[in-house]
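Q: So the chains spell out like this:
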Amino acid sequence: MKHNDRWINLLMGIAPIPLTLVFTSLILLAMGASPWEAYRNIFNGAFSSPEKVADVFAACVPLVLCSAGLAITFAAGQWNVGVEGQIILGAIFATWAARTLAWPQVPLLAAMLLAGLLGGALWGSFAGLLKVFGKVHEIFGGLGLNYLAQALAIWLIFNPWKPAGGATMSGTDLFPEAARMPHLGHLRVAPLAVVLALIAVALVTFLLRGTRWGLELKALGKGFVSAFTLGVPATPRLLTAFAACGGMAGIAGTILCSARYIRMIPAISGGQGYLALLVALISGSSNPQWIPFIAFFFAAAGVGSPQLEYNMHLDSSLGGVLEASVVLSVMFVSGWRVLLARKRSQAAALVSAEQEVTA
Amino acid sequence: MKVELIDIHKHFGSVRANDGVSMTIESGSIHGLLGENGAGKTTLMKCLTGYQTIDSGTIKVNGQPVAFASPAEAIRHGIGMLHQEPLDFPQMRVLDNFLLGFDTRLIPDRRAGQNRLQELGTRFRFELDPDAEVTSLTIGERQQLEILRLLALGAQVIILDEPTTGISAPQKAKLFATLRQLADDERRSVVFVSHKLEEVEQLCDRVTVLRHGRVTGEAEMPCPVSTLVELMFGRSLPPLECPTVEHGPPVLQVEGATIPSYRLTVADTRLEVRSGEVVGIAGLEGSGQRLFLRACAGLERITAGRIAIDGKALSHAPYRKFLDAGIAYLPANRMDEGLVTGLTLTEHFALANRTGPFFIDWQAARKEAAERIQHYNVIGRPESPVEALSGGNQQRVLLALLRQKLRLLLMEHPTRGLDVESSNWVWQQLLARREDGTAIVFISADLDELLEYADRIVVFYGGRMLAPVAACDTTVEGLGYMIAGKEPGAGAQQGGAHDEA
Ligand SMILES: Nc1ncnc2c1ncn2[C@@H]1O[C@H](COP(=O)(O)OP(=O)(O)OP(=O)(O)O)[C@@H](O)[C@H]1O
Ligand SMILES: [Mg+2]
Chain A
1 MKHNDRWINL LMGIAPIPLT LVFTSLILLA MGASPWEAYR NIFNGAFSSP
51 EKVADVFAAC VPLVLCSAGL AITFAAGQWN VGVEGQIILG AIFATWAART
101 LAWPQVPLLA AMLLAGLLGG ALWGSFAGLL KVFGKVHEIF GGLGLNYLAQ
151 ALAIWLIFNP WKPAGGATMS GTDLFPEAAR MPHLGHLRVA PLAVVLALIA
201 VALVTFLLRG TRWGLELKAL GKGFVSAFTL GVPATPRLLT AFAACGGMAG
251 IAGTILCSAR YIRMIPAISG GQGYLALLVA LISGSSNPQW IPFIAFFFAA
301 AGVGSPQLEY NMHLDSSLGG VLEASVVLSV MFVSGWRVLL ARKRSQAAAL
351 VSAEQEVTA
Chain B
360 MKVELIDIHK HFGSVRANDG VSMTIESGSI HGLLGENGAG KTTLMKCLTG
410 YQTIDSGTIK VNGQPVAFAS PAEAIRHGIG MLHQEPLDFP QMRVLDNFLL
460 GFDTRLIPDR RAGQNRLQEL GTRFRFELDP DAEVTSLTIG ERQQLEILRL
510 LALGAQVIIL DEPTTGISAP QKAKLFATLR QLADDERRSV VFVSHKLEEV
560 EQLCDRVTVL RHGRVTGEAE MPCPVSTLVE LMFGRSLPPL ECPTVEHGPP
610 VLQVEGATIP SYRLTVADTR LEVRSGEVVG IAGLEGSGQR LFLRACAGLE
660 RITAGRIAID GKALSHAPYR KFLDAGIAYL PANRMDEGLV TGLTLTEHFA
710 LANRTGPFFI DWQAARKEAA ERIQHYNVIG RPESPVEALS GGNQQRVLLA
760 LLRQKLRLLL MEHPTRGLDV ESSNWVWQQL LARREDGTAI VFISADLDEL
810 LEYADRIVVF YGGRMLAPVA ACDTTVEGLG YMIAGKEPGA GAQQGGAHDE
860 A
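Listed in order, the protein sequences are those of chains A and B. Taking my numbering, I'd label the letters of the first sequence as residues 1 to 359. Taking my numbering, I'd label the letters of the second sequence as residues 360 to 860.
Worth flagging that the hints you see were computed from the coordinates, not collected in a lab. All of these numbers come straight from a predicted model, not from anything done at the bench. You may find that some hints are simply not true.
Said to hold, decoys possible - Residues on chain B that point at chain A, a partial pick, calculated with CB under 10 Å:
| id | residue |
| --- | --- |
| 1 | 673 |
| 2 | 675 |
| 3 | 677 |
| 4 | 678 |
| 5 | 688 |
| 6 | 689 |
| 7 | 693 |
| 8 | 694 |
| 9 | 695 |
| 10 | 696 |
| 11 | 702 |
| 12 | 711 |
| 13 | 717 |
Stated by the list, open to error - Listed below are the simulated DSS-like cross-link pairs for lysine-lysine, each with C-alpha atoms no more than 27 Å apart in a straight line:
| id | chain 1 | residue 1 | chain 2 | residue 2 |
| --- | --- | --- | --- | --- |
| 14 | B | 680 | A | 135 |
| 15 | A | 222 | B | 680 |
| 16 | B | 764 | B | 671 |
The beta-carbon is built from N, C-alpha and C at its ideal position, and this holds for glycine as well.
Make a model of the complete structure from these sequences and hints.
A: Next up, the structure:
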């Protein structure tokens, strides 16, 4: 019995992979392209040279940081879609530090990271405050704050931070040398950023599993009223969860402006936050240790898919289709799993739910 | 309709919840299903109604073998179940909840549904407001709604899993009358799951007794209680002994507190409870007693008056301050308000330890959980998710989660779902806390429980708190009168006075 369950679990864990391949292959076939050829191109686009591999790592870092943060808010049962705005605020704070503090590299980078963390945490707390005290659902609050953050970034770039040659959508002047995170030789990846991302995952995994704070968040996420009755201080816990997630997103923002763009640009986050939501959705709050792997796959698909355009004249958005179908397959399989589990044990509202479906 | 269960087996891992159970339910009769906590009663009934699949065995309806893959299928065959834990849709209105049952079209005919609800309601004298939110109903009213829904779905066999826990005496009388009406006048069958012997005696035509997943006996009623007790527990129970305890200084002081709510406002409540004292609260469900108890726990806002714990005013303080002052609150609706679905027992114990260290030592936590599980006789493992436990075992977990040192223990239906033996044991544990000066205030629908364990009893009637009476001066009848709002005799009617027992 137990043994059986283990096998089923393992099978279910792997099931999304073939499901995704089947789904995207069907789309490719419908477009008259060879799926094999397409996958080969994406793979080559991501891994055929050290430069490309470095790009994949670089693309991976902000995703990992944000997803690690989101694992925290997911644990507390919160949909922190405001993570996108939290990246932007992190970048804004870091840019401010880079432009204002004329310090040597090490203290300056430390200050920028700290500023980014604060900025993201601040923006995350706003979403939390709106939720806890304003009774605004975190999805709406988060979306609103995302727009606000975007507007703030554009205003800053076009007004106080505009380059000497006049403001454009291409952003501020390049950061001074000391504010740039050192790259690995000529490769476009900053080792420090990779290390920070891995630390974040380890930290989140540990916080969620090994501390009271993590346990309390989990309890709030699974049964808010019961957890509160048991004495979990709900308000401070939710606020710290939002702040912690925001802080990690803020660090991602700092890395984006200091290591990737070397300046502040309007589209600094470029949808990384939303992509991270998908990564965190797949890993779930109980398995944050999978985040780097899932994010790596997403990053590779993102870096590799432009190759489709050069070599096969397919639209590079197919990379996005690949990512999306992974999410759908995972959701599908886990939904199916829940159903199966429910069928096995008591299904709370099954009578009526089923009748609704058959209606 | 005749239902036969033949040699039913249902195992959960190594737990044999049902181990070869056979039972026949005749039409037009009320069949009692008795058994101690964890005996397998709920499991058997869930197997019958398609909530769970059986490992082996046969179910026959009118002689035809059937296999229900889902509750919906069972109800199409006329078998419906009222669950131990309420399973409705609390965010909805009464009518919508009712319609979910039988109107399966995309756009339900609300008018027809309302008529049907009204018609059924009148037939059984249930007064349900179709537009009320289900959350605002009492447990008893939710139950009535659920019964009507099952009847509207055409249930010929109605299974009630411990329906009397948490409802008041008059609601219970009404429920019993309804069940008799269903069996005698309409020839439907009723299965009544319980471990309350007097109820089974009062209501049932026939009983089946389960123990450790097997049938230990079947009997036509009436049948001597001692026989049933032996079948349930394998021996008869020794009488309970409780030492009396000196009462100390006041622990809880409520002075003219007014507690508003959407449904009713409880005005000008007054009560003083001393350390070591036990105060019971009686009343029809929804008369304000829950609001009052929750206000004492800091979970309801008060608009006038004062609440103090150990002399310290806490009137508008948050729940956390009440906890710090040494209160504990045990809610009635254990799965929604007390326990967290999806967390294991170990996680629950770690969580309830508010002053525990930031870094959790899971090994120690597991050990601690194992100890408490053993001490409280919970059938479950440290790593079991709490929802996998039987109803009575969940209640034990809730009690096991109470901290050691407490000043004031506030409880709603503390022995809800526990069999006689366990509830005696639980009360022994609770009363032992009085020696450390803990004061206890509890709500119960069981008048015998109130009279047996409380020093004083307060009755709530229609949002009003009547003055406390000493338990030794009261009888079940006297309490019954007060609960129903009739003159109980002189002395107890001028609400408000501090009445030291
Ligand atoms: N879903 C489940 N998973 C694992 N074990 C279960 C599950 N449901 C029930 N059990 C176990 O099966 C046994 C019988 O449980 P059941 O709920 O049928 O008892 P019960 O007679 O209804 O008891 P109570 O009076 O406490 O409600 C218990 O030991 C319980 O822990
Ligand atoms: Mg049960």
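Q: Look at each hint and say if it fits the structure.
A: Evaluation of the provided hints:
{"no.": "1", "hint": "673", "result": "violated (15 Å)"}
{"no.": "2", "hint": "675", "result": "violated (16 Å)"}
{"no.": "3", "hint": "677", "result": "holds (9 Å)"}
{"no.": "4", "hint": "678", "result": "holds (7 Å)"}
{"no.": "5", "hint": "688", "result": "holds (6 Å)"}
{"no.": "6", "hint": "689", "result": "holds (9 Å)"}
{"no.": "7", "hint": "693", "result": "holds (8 Å)"}
{"no.": "8", "hint": "694", "result": "holds (8 Å)"}
{"no.": "9", "hint": "695", "result": "holds (6 Å)"}
{"no.": "10", "hint": "696", "result": "holds (5 Å)"}
{"no.": "11", "hint": "702", "result": "holds (6 Å)"}
{"no.": "12", "hint": "711", "result": "holds (5 Å)"}
{"no.": "13", "hint": "717", "result": "holds (5 Å)"}
{"no.": "14", "hint": "B:680 x A:135", "result": "holds (23 Å)"}
{"no.": "15", "hint": "A:222 x B:680", "result": "holds (24 Å)"}
{"no.": "16", "hint": "B:764 x B:671", "result": "holds (18 Å)"}
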